[in-house]
Every structure is written in C-alpha cells, then in structure tokens.
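Colleague: Following the numbering used here, the numbering of the sequence shown begins with 1 at its first residue and continues without gaps.
Each hint should be verified, as a subset may be incorrect.
Now the in silico label distances, taken between C-beta atoms and shown as ranges [to be verified]:
no., residue 1, residue 2, range
1, Phe213, Val295, 54 to 60 Å
2, Asp594, Glu378, 48 to 54 Å
3, Pro481, Ala588, 23 to 29 Å
4, Ser424, Asp230, 38 to 44 Å
5, Ser190, Asp155, 24 to 30 Å
Hint data in this document are derived by calculation from the structure and do not stem from the laboratory.
All C-beta atoms, glycine included, are put in the ideal place defined by N, C-alpha and C.
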Amino acid sequence: MRMNGVTPPRDRHGAADFLSLAILGAALPLNTMEHAEGPLGMLGSPYFRHHDHITALAVSPDGARAATGGFDEQVRLWDVASGLELTSFVVSCGQVGDIAFLPDDRYLVVCGPPGGIRLFDTFSGAVVQTIPQFGGLYRCCAVSRSGSWIAAGSDDGWLRCWKLDSGGEPRSILVHASPVRSCDISPDGSQVLTVAADGTGALWDVVTGKLRFRVPCHGAGNFNSRFSPDGSRLLTWSLTPAMHLWDAATGSLLLELQAGESRVTACAFDATGSRLASASTDGTLRLWDSTTGQVLAAAAGGPRLCTGLEFALDGKWVLCADFDGVLLPCRPGRDRSVHPPVGHRGPVVGCGFGPNGALIASASCDRTIRTWNPASGEERDVIDAATSTISCCSASSDGRLLAIGTSGGSLAIRDPQDRKTVRSLVDHGPAIGACCLSPDGARVLSSAWDGAFNLQSVTGEASGVRLTGHAGRIKSCDFSPTGAEIVGADFDGTLLIWDTDMGRLRRSWPSHARNVQTCAWSPDGSRILAAPRSGKLTLWDPVSGTLDTTFSAEAHRLTTAAFSPTGRHILIGSWDQTVRLLDAQTGAELSRYDLDRPVFCLAFHPSQPVALVGLASGVLIWVALPGFVAAPGAQDRTTGSGL
1 MRMNGVTPPR DRHGAADFLS LAILGAALPL NTMEHAEGPL GMLGSPYFRH HDHITALAVS
61 PDGARAATGG FDEQVRLWDV ASGLELTSFV VSCGQVGDIA FLPDDRYLVV CGPPGGIRLF
121 DTFSGAVVQT IPQFGGLYRC CAVSRSGSWI AAGSDDGWLR CWKLDSGGEP RSILVHASPV
181 RSCDISPDGS QVLTVAADGT GALWDVVTGK LRFRVPCHGA GNFNSRFSPD GSRLLTWSLT
241 PAMHLWDAAT GSLLLELQAG ESRVTACAFD ATGSRLASAS TDGTLRLWDS TTGQVLAAAA
301 GGPRLCTGLE FALDGKWVLC ADFDGVLLPC RPGRDRSVHP PVGHRGPVVG CGFGPNGALI
361 ASASCDRTIR TWNPASGEER DVIDAATSTI SCCSASSDGR LLAIGTSGGS LAIRDPQDRK
421 TVRSLVDHGP AIGACCLSPD GARVLSSAWD GAFNLQSVTG EASGVRLTGH AGRIKSCDFS
481 PTGAEIVGAD FDGTLLIWDT DMGRLRRSWP SHARNVQTCA WSPDGSRILA APRSGKLTLW
541 DPVSGTLDTT FSAEAHRLTT AAFSPTGRHI LIGSWDQTVR LLDAQTGAEL SRYDLDRPVF
601 CLAFHPSQPV ALVGLASGVL IWVALPGFVA APGAQDRTTG SGL
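Generate the whole structure from the sequences, applying the supplied hints.
Modeller: Right under this line is the structure:
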C-alpha cells in the first residue's frame with residue numbers, strides 16, 4: 001500500500017485549511033480500464049468546514065442555504081441539501097460577529113468589529129450598502145421578517161435600528177448598562193428583544209424606543225435570545241443547563257427547560273415554533289416539544305462548544321456550528337436520536353491503496369485512520385489512531401501495517417485489520433515530519449524537525465539507529481526499492497543517502513532548491529525525485545549525485561508528488577487546488593485537474609489508470625488519468641513528503 005502525504009502547516013489556525021462537504025458513494029468501476037477524464041467520485045467527510053472558528057450562522061428563510069462567518073474574515077454560503085459551497089467572500093472587518101439573511105435570500109447582513117453593518121450580494125459577494133459604525137462595536141444583528149428593519153447591538157450598551165428604505169440616521173436606544181450580546185426582531189417588526197452581558201433581557205418598541213419589560217437571564221457569560229416564529233414567546237438561555245420561555249405580551253415565565261447537568265450553548269426554534277433544538281457542552285443535541293418541555297430526541301455526537309444552531313430544509317435537518325470550524329448537519333431520528341454523519345473531520349495527510357487496489361486507507365489530522373471500499377465508496381472502518389494530531393503516515397507494501405507519526409513526537413505501528421497497536425515507539429523530536437516503512441515492512445524510518453532520523457525495527461528485535469547529517473528540518477524520506485538505502489531531504493534542499501544496514505552516510509548533495517516537499521526513488525531505483533515547493537522538479541542519479549533532468553511545473557506552492565508504478569509519469573499536487581500529470585522524462589504536462597481545495601496527498605492505483613487524491617478539506621477524490629496505462633500487478637511503494 002502506498003500512503004503519500006504531507007504534514008499540515010502548523011499555524012495559529014491549527015490543522016490547516018478547511019473544507020467543503022464530501023459525499024459518500026460515486027462508486028469507481030475498477031473492473032474496466034475506460035474512465036472519463038477528471039474527478040470520478042468522492043469519499044470522505046459529510047461536514048461543512050471553515051478556515052477558522054465559526055462565530056456566526058444563519059439559514060435562509062426557505063432553509064435551503066446556510067451562511068457561516070468566523071475569525072478568518074470569511075463568509076461562506078452552502079447548499080444544505082448537497083453540502084456544496086456556493087460562494088465565499090472576504091468581509092475584511094476582522095471577526096464576523098453576526099450574520100442574517102434578508103427575506104428574499106439575495107442579500108446578507110454582516111456585522112463585525114470594526115466594519116459596521118454591511119449588506120452583501122449573496123451571488124457576487126459585492127457590498128451593496130454600508131451602514132457606518134456609531135459608538136461601540138457591533139456584536140449582534142437581526143433583520144425583520146419583512147426586511148424593512150435592521151437592528152444591531154453594540155459594546156456600549158446601545159441598540160440601533162435602521163429602516164432600510166429610508167436611508168436616514170439610525171434610531172438609537174440606550175438599552176443596557178453593559179455590552180449587548182444578543183438581539184432579535186419580532187416577526188411583525190414592531191419589537192426588539194435584547195440581552196446584555198450583565199444577564200438582563202429586555203423587550204423594546206422599535207418605533208418609540210420605549211421599554212416594554214425586562215426579564216432575568218439566569219447564569220453568566222454567553223447570553224442569547226430569540227422570538228418564537230409567531231412572536232408570542234421569548235426564548236433566553238446562557239451557559240447554564242436551563243432555557244426559559246417567556247410570554248411576549250406580559251413578560252411572565254411560561255416554561256423552564258432543563259438540559260441535564262451540562263450547560264446550554266445554542267438553541268433554535270423550527271419554522272412552526274412547535275419544536276426546539278438545543279446544544280450542550282457535553283456534546284448532546286436535544287429536540288424538545290416547546291409547548292410541554294418534553295424531550296423528543298437526544299443523543300451525543302455534537303460539538304462541545306456550539307456557536308450557532310439552526311433548523312434547515314423544512315425542519316428535516318439541524319445545522320450545528322462548532323467553534324473549531326465545523327458545521328455539522330444532524331437529522332432528528334425517529335428512534336429518539338440525532339444521527340451525526342461520519343467521515344474525516346480534518347485534512348487528509350495520507351492516502352493509499354491496499355494490495356491490488358482492493359482497499360483504500362486514509363489518515364487525517366482528526367487523529368483517525370479510515371478504510372474504504374474502493375468499489376462502493378463505503379467506509380469499512382475507523383480507527384482512533386493517535387492522541388495528538390497525525391502529521392504523517394506510511395504503509396507496508398502488503399497493506400498489513402501502518403506507521404503513524406504525530407505532531408506530539410509519537411510513532412506507532414498499527415494493524416488496521418484487527419485495530420491493534422503492534423508497537424508504540426518513542427521518537428526523538430517534538431514533532432515527526434515524515435515516516436516510511438521499508439518495502440518488506442520490517443523497519444520504519446521517521447524524521448523529526450530537529451534534523452535527525454530514527455531507523456527502528458518494527459518488531460523490536462534489533463536496536464534502533466540514529467541517522468544524522470541534516471542541518472535543518474526533514475520533510476521527506478524514502479527507502480530504495482530494494483530497501484538497502486534511504487534518501488532524505490531537509491529544509492535547505494540537501495539530499496542525503498544512507499546505507500540502511502550500517503546506518504552510514506554514503507553521499508549528500510544540494511538539490512538546488514529549498515523546501516523540498518517530496519523526495520522519492522523511482523520504481524527501478526535509477527533516479528531520485530526532488531520536488532520543492534517552488535515546483536522546479538529535479539531528477540538525480542543516486543550513485544553519482546549528478547543532475548539528470550530538471551523541469552518546472554506550473555504549480556503554485558507544490559505540496560506533494562509521486563512516481564507512477566512504472567516510473568514513466570509523475571503526479572504532483574499543489575496548494576493552488578490542482579493535480580498535474582507529468583511525463584517523467586520531459587516534464588511535459590499531460591493532464592491537469594482543477595479541484596476545489598488544496599491537495600495534501602495522492603497515490604497512483606497499482607493497476608488502473610486512476611489516482612486517489614486527498615484534499616485539505618478532508619475529502620478523498622478519484623481522478624481519471626486518460627491515456628495513462630498503469631503496470632498490471634505493480635505494487636505501490638511508500639513515500640512521504642511534508643509542507
């Protein structure tokens with residue numbers, strides 16, 4: 001099995017770039033050599049994803065589209081039924097504080113410090129109207145059902161309301177002595193409900209600005225509020241196990257709902273107002289009868305810090321926004337459970353085929369290894385493989401063993417068939433940048449960011465060997481086809497070859513390029529590929545260390561590369577969301593495929609003209625290679641690369 005992957009970037013966002021929805025299925029016809037050009041099908045995560053923490057969620061009035069915003073200054077629009085990202089645009093106002101659809105779905109209201117209130121065209125992403133900042137920073141906003149009024153609450157305790165068709169100054173009301181954390185407009189547009197950081201809620205007349213009444217919001221911290229769809233009730237909650245329903249006419253308490261011992265983070269009414277969904281800090285999603293307070297459905301599996309909750313698609317789905325950047329679609333089940341879907345929840349950092357292509361394995365930053373049926377696209381198994389983020393992985397040629405390296409410096413050898421850990425190895429650095437199993441599966445090579453390799457026996461029968469000589473972080477390594485030699489590439493582009501048995505450095509030379517993402521032996525052992533981020537690929541003679549061939553791929557920020565089983569072709573993936581098939585002799589680009597997310601790993605099928613590509617989105621996708629003929633019966637070898 002080949003698992004060719006990359007180490008995700010270590011930045012303030014955590015794992016890496018985030019993703020769109022993937023759909024299981026789209027079976028691959030492996031019994032035929034005829035394939036249409038381009039992507040064939042996808043396996044992976046049925047999760048929406050964002051680049052950073054999601055802080056705002058809204059669903060269109062018809063429930064068909066969802067909009068999310070967060071710390072990354074991005075607003076993304078999604079088709080709820082298919083999970084496809086429809087569009088995205090940068091709001092350039094720092095963190096998105098809140099978002100709301102206008103009734104016709106064409107425009108989206110976005111507020112966020114320090115950008116004031118802006119109306120975006122949901123199709124083009126263009127700003128069609130800007131409402132400047134007045135006083136404090138806006139943290140929340142709401143739109144009336146008719147679309148004629150916009151309300152926004154600010155850090156200075158003021159509520160400001162605009163009549164969109166008037167173009168005049170906002171109607172300003174000093175509503176609280178502390179920052180306004182939540183606001184909502186009644187369905188008829190006549191009243192505004194606000195909740196402040198001091199735990200007080202209040203109902204205001206939009207036209208006169210007069211206070212109707214105040215209600216206490218028990219607890220402290222994350223206060224929120226909503227009108228019921230018919231406007232007759234008010235819902236308030238905070239970081240406590242309780243939710244409160246109030247009479248909108250009198251302010252009297254109608255019902256208190258208790259969500260066990262965990263704290264409630266988000267709530268939502270369905271379109272009829274008869275049902276209520278809630279999310280708690282223990283990951284439990286609950287569906288309530290909002291009239292009686294009875295729990296209709298409850299199950300674990302949701303996010304522990306939900307920043308938004310909305311019903312979608314006529315109440316068939318609940319969209320749950322996770323602070324970590326996940327938008328999780330959940331369907332209330334008749335068996336009193338809410339069923340979260342399965343799949344990778346992080347970038348795919350390694351993917352490959354089992355013997356004869358009968359199995360697919362993928363490893364992800366979500367700390368899991370997943371196996372798939374390549375014919376049906378169905379997931380076979382999921383293994384919780386690590387306690388810290390998986391940074392690299394490799395598989396033996398027979399697909400029996402997996403080597404898993406983590407950002408925490410641990411290395412484990414696992415058997416994916418019986419889910420057992422064969423051996424846990426203590427590595428030598430704070431993070432493992434690359435790992436590789438020998439062709440016979442007897443030894444494992446791992447590299448750390450401190451510039452050294454560890455060569456260890458998988459069974460533990462022989463003592464390990466430490467290989468030094470690199471000056472910087474090692475990002476890729478590979479065994480020769482016979483397993484007798486090892487090649488490694490470090491950050492400054494130096495290629496080094498060691499004798500596997502003796503652990504001696506045989507030769508080293510500069511590859512003329514920094515930041516080599518992949519170094520790999522050709523299947524016949526006659527050449528070594530050095531693929532840097534710049535896309536200027538070089539092929540070297542491993543005996544003399546002389547340059548054999550050089551060519552430039554038109555790729556921006558190359559991330560991974562691999563030889564075909566015959567060695568006649570090279571497949572490269574890039575941050576520019578492309579996969580390119582190159583002639584290994586001339587460097588000519590034979591095919592190019594434009595995808596929707598950066599490519600983090602790829603692998604040739606051992607006997608079919610297709611490749612498996614893993615995206616930063618957590619998705620695995622089939623790509624057909626027209627005109628490419630794989631070697632029947634050829635078996636992939638293991639390589640690795642790093643960002």
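Colleague: What are the numbers of the hints the structure violates, in ascending order?
Modeller: 1, 2, 4
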